[in-house]
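Here the protein sequences line up with chains A, B and C, keeping their order. Sequential numbering of the first sequence, starting at 94, is according to our numbering. Sequential numbering of the second sequence, starting at 648, is according to our numbering. Sequential numbering of the third sequence, starting at 1424, is according to our numbering.
Do not take every clue at face value.
To be verified - Covered, in the sense of this in silico footprint (three residues per stretch, anywhere, with C-beta under 8 Å from a C-beta of chain B), are these stretches of chain C: (1) 1475-1487; (2) 1508-1518.
Unchecked claim - Looking from chain A toward chain B, a few residues come up when the C-beta cut is under 8 Å (computed): (3) TRP149; (4) ARG170; (5) ARG181; (6) GLU190; (7) LEU193.
Unchecked claim - Beta-carbon label-pair distances, calculated as ranges: (8) ARG1546/C x THR736/B: 49 to 55 Å; (9) ARG1546/C x GLY704/B: 51 to 57 Å; (10) ILE793/B x ALA225/A: 55 to 61 Å; (11) VAL724/B x SER325/A: 57 to 63 Å; (12) VAL724/B x GLY1718/C: 24 to 30 Å; (13) LEU1615/C x ALA762/B: 52 to 58 Å; (14) ARG924/B x SER1445/C: 38 to 44 Å; (15) ALA1535/C x VAL900/B: 32 to 38 Å; (16) LEU1615/C x VAL900/B: 47 to 53 Å.
It is worth saying that the hints were derived from the structure and are not from the lab. Glycine included, each C-beta is placed from N, C-alpha and C at the ideal position.
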Amino acid sequence: MSTLAVRGLDAGYEDFQALFGVSLDLAAGETVALVGANGAGKTTLLMTVAGALRPWRGGITLDGTDITGQPDYQRARSGVVLVPEGRRLFGSLTAEENILVPAGRREAGPWTLEALYELFPMVAARRSHRAALLSGGEQQAVAIARALAANPRVLLLDEVSLGLAPAIVDAFYQLLPAIQASGVSVLLVEQDVDRALAASSRTVCLLEGRVVMTGESASLDRDALIAAYFGSPSAPPGAGDTGRVRT
Amino acid sequence: MTWVNDILQGIFLGGAYALTAVGLSLMFGVMRMVNLAHGDLAVCGTYLATTVMAAFGVPLWVAMLIMVPLAFLLGLVLQLSLFGRALRTGTTAPLLVTFGLSVIIENLLLQTYSANTRGVPAGNLDVAAVHVGGLVLPWLAMLKLILALVVIGGLSALLRYTAWGRRVRATSDDQAIARLQGIRVRPLFASVTGIAIAAAALAGTLNAVTTGVYPTLGALTLIFAFEAVIIGGLGSLWGTLLGGMVLGITQVVVSQVSVPYAILASQLLFLVVLAVRPQGLFGNPQIVG
Amino acid sequence: MAPVSTRPGLGTAVAVTRWSRSATATAALFVLALAVLAALPYLAGTGITQALVTLFLLVSMAALWNLLAGYAGMISFGQQAYLGIGAYLVWLVSKTGVSPFAGIAVGALGCAVAAVPIFALLRPLTGGYFAVATWVVATCFFLYVTNQLWLGGGTGVSLAGQLSGLPPVVRQAYTYWLALALMAVIVAGVYLLVRSRFGLDSRAVHDEPAAAAAMGVEVQRTRWLAYILAAVGFGAVGGMLIVSTLYIDPATVFSVNYSADMLFMVVIGGIGTMEGPIVGAVIFFAVQEWFSSYGAWYLVAIGAVAIGVVLTAPGGLWGIAARRGWSLLPVGYRVRDVPAPGPAGPPEAAGPDGAGVGGDGDD
């Protein structure tokens, strides 16, 4: 049974539909990368899975339990936590306070404050500084730590590399195995396709709100992926959007 | 020496204004909400206290022990039923709804209690004073100042050091993300409003010991509270204390020259602050306009 | 009634109209009503005309408050300042021997002058801060006047002496006609204003100031204009207040209760629409006439209704009507599909009347 199963998700904003029948699975301890051009619906998908957006149609289950109807605050407690695009820390709180905010599951797992400070020593050094005053890399670390502090089952990472120097991004991606080892499944959105392929076991490509390609990251045909990414004639939208995935 | 005494009385008056204003300041800071019914809710608490005193024959402090928790509950109910909905409806809705609530409260009080000023019996409290040198230290005024310090200090501590306070500050920074971190915003805001109304009721009742209470007292109460908050700077509880002091001292000093213009003077001071430094003493420039 | 423009050749012809049959009917009805109302002093007693003066002033205030709050996006709880300034100016002018009726013009102009420094002060504020600041300004006027003996202090001032030359019936007729004319001018003025470029600008500013500014709308000038025109209107209404009741005192004329009344009329009637404030004023007037003898309960009820409207039906009564397509005083632009003529055109454009672009002001 998948940890996270998304089936036939339609979602959007007011009059605008952003997702069309999206389905995907996330197995325990697995990292799946979500790629696609700007506006493909990657952030919308993560927001819907996290509960910030109500889907128009379709379902989401976590370890077999249907969480589609759960409001956002409940979903975090169920174990689905989002690291939002652009970090979105609580600016007036210190780094440590940001990490302490998540309510509910803090006692339930391995990610204690100490463990997080071990994972992110740069955060430990700046723990009493106000989040708004931290550097981009430090903020990203705090944002991930904040999410992990809730000991999630599923971690949603939206554009972790946004606005950060490559060396810093490398450092983050090197931490993924440690995060996965603690039992967390990761669904990450990444603009840099190479990074996405390297960091994940499977990759899902979105185009204009539909899944157009899925496959094992290691053996994915680069050209086919690029075609799917941009929606060229050789990979028409609609191909592969039944979302069948080899588990 | 009288000018020292004047400043002192101004400080005491400022403490009273600050205690009245702290609830309004809290609601501004956390929820960005202007509660135009704030003054009327303070008056409500006062009438409730006097009714309890008259009905059960208990002294003021007992009545307040009963009334303040009830005011907290009223705040909870109002937030959950009206204010929360108004906040979610739009930016003008809270103004219209709280103004409407203000009118409702004033007229309900008018119908229930008549327009006459009602006294708040407090034994000798309203006149008892300590005289030190040339200075007059009225007990009631000192009590109000101390309470202002306790409430503001206590709230600041709660906000800084407790998990609840952390959640309040986080929600105030970014409500959507706070929800995604598992924070339940509706009960959180309800607790904030509860505290705000309880503080207002406490302040209103103590103030009424000196001046008495009448149904339309809420309007002036709101205006002074609002001014203390603005002068001190939005989002700063200690700023509200200072804002109250500025108002109080201005009023007392001017009243030495001309009593009828004392209140007008503090209004004009407020308008000057608005013109010259709208973010107040400790506020963020971007919050106003 | 005729389409303003058509654009054939693009596949679908559209017609843009600014008027409608029902609007013509309404306009005709208004003219008829005005004629009937104007004749009333010859037909009915002063009890009725006095009551109608109250109604006319309520309609005027509602229309003006809606101009500020519903169209220009500035909620003010301090318009009573201009009521008072207008009224006191009329009294002052009358003391020099000029007829109070003429003094109303002075009151209105005086308010325009006063509005400039006041708005200069309040301009940077938004939302609740603006609203309470306007209330403070009105309170300042109240506090000042109450302490000025030469302005009558807290006791107030009376016009009875200045108008003693006229027989009461004549005076009341003049008052009635003036109030009727004022209401007609204010409503017509607000209507034309909202239909004009200014109206579109101010609604754009109200909805989305940054976008409006980016499109070249002069945000500040629009706000200035709305505020000053409203001040002038309220000044005239204030002048009418003292002329009709012959007496004012600061506590009454500078009272925030006027703002409460305006808010209720406009919110319940339909904020941001032309018809709404009129409907709201009529309802408010009726409720006040029938129920004020039972004490302040009617205000409690109206307040509760207003809150209910804001939370559940923000468009007010007229908003509900407008949703069903009612429109008596259109301010927007209706785009209708027009069947394309000739062989080059595509098959008839399907569909009912297009959505009104710019709407009729129902937010």
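Going through the hints against the structure:
no.: 1; hint: 1475-1487; result: violated (count 0)
no.: 2; hint: 1508-1518; result: violated (count 0)
no.: 3; hint: TRP149; result: violated (19 Å)
no.: 4; hint: ARG170; result: holds (5 Å)
no.: 5; hint: ARG181; result: holds (5 Å)
no.: 6; hint: GLU190; result: holds (5 Å)
no.: 7; hint: LEU193; result: holds (6 Å)
no.: 8; hint: ARG1546/C x THR736/B: 49 to 55 Å; result: violated (26 Å)
no.: 9; hint: ARG1546/C x GLY704/B: 51 to 57 Å; result: holds (55 Å)
no.: 10; hint: ILE793/B x ALA225/A: 55 to 61 Å; result: violated (35 Å)
no.: 11; hint: VAL724/B x SER325/A: 57 to 63 Å; result: holds (60 Å)
no.: 12; hint: VAL724/B x GLY1718/C: 24 to 30 Å; result: holds (26 Å)
no.: 13; hint: LEU1615/C x ALA762/B: 52 to 58 Å; result: violated (43 Å)
no.: 14; hint: ARG924/B x SER1445/C: 38 to 44 Å; result: violated (52 Å)
no.: 15; hint: ALA1535/C x VAL900/B: 32 to 38 Å; result: holds (36 Å)
no.: 16; hint: LEU1615/C x VAL900/B: 47 to 53 Å; result: holds (51 Å)
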